[in-house]
Amino acid sequence: MTHDLSSSPAGQAGGPPSARRTAPRGRRPAGPYLQRRGRIYYFRKRCPKVIREKGARNFLCFSLKTEIRVEAMRRATRLLAVINGIEDKVMNDNFEPALTPENGGEKVGHGSGGVSLLRAA
1 MTHDLSSSPA GQAGGPPSAR RTAPRGRRPA GPYLQRRGRI YYFRKRCPKV IREKGARNFL
61 CFSLKTEIRV EAMRRATRLL AVINGIEDKV MNDNFEPALT PENGGEKVGH GSGGVSLLRA
121 A
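According to UniProt numbering, the sequence shown holds residues 1 to 121 in order.
Some hints could be false.
Claimed, not checked - Subject to a maximum C-alpha distance of 25 Å in a straight line, what follows is the list of computed BS3-like cross-link-like pairs (lysine-lysine): (1) Lys89 x Lys49; (2) Lys45 x Lys89; (3) Lys54 x Lys89; (4) Lys65 x Lys45.
If you are wondering where the hints come from, they were derived from the structure by calculation, not from laboratory data.
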């Protein structure tokens with residue numbers, strides 16, 4: 001019985017190890033606009049420059065309050081639709097924000113989980 005030393009072990013392709021891998025190991029991206037901190041997923045989206053120039057933060061960041069990736073993706077999709085609608089109105093209609101630091105509009109939302117849209121003065 002002879003063995004061919006030039007062949008690869010069963011189930012492995014020849015070539016360098018980097019060529020055999022189909023996907024990088026380690027962390028995979030959570031999804032578009034998703035960021036995972038610990039076990040909880042967050043929605044994170046950069047604000048358009050036009051809106052940032054009116055005093056908004058560089059990024060919108062919301063807790064999606066879930067540890068389940070599929071559920072986070074569903075919530076992020078719904079949230080993105082709402083945010084895109086607001087962005088369209090701001091950019092197309094020369095919309096002025098109703099809440100400004102001058103009239104006390106530091107936070108938007110309800111309860112203690114309000115979302116800060118404007119920079120603190």
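These are the hints, each one checked on the structure:
In summary, the hint linking Lys89 to Lys49 is supported, as the alpha carbons are separated by about 15 Å, within the 25 Å threshold. Restraint check for Lys45 and Lys89: satisfied, since their Cα atoms lie roughly 17 Å apart, inside the 25 Å limit. At roughly 14 Å between alpha-carbon atoms, Lys54 and Lys89 fall within 25 Å of each other, so this suggested pair holds. Distance hint between Lys65 and Lys45 is fulfilled; the C-alpha atoms sit about 17 Å from each other, no more than 25 Å.
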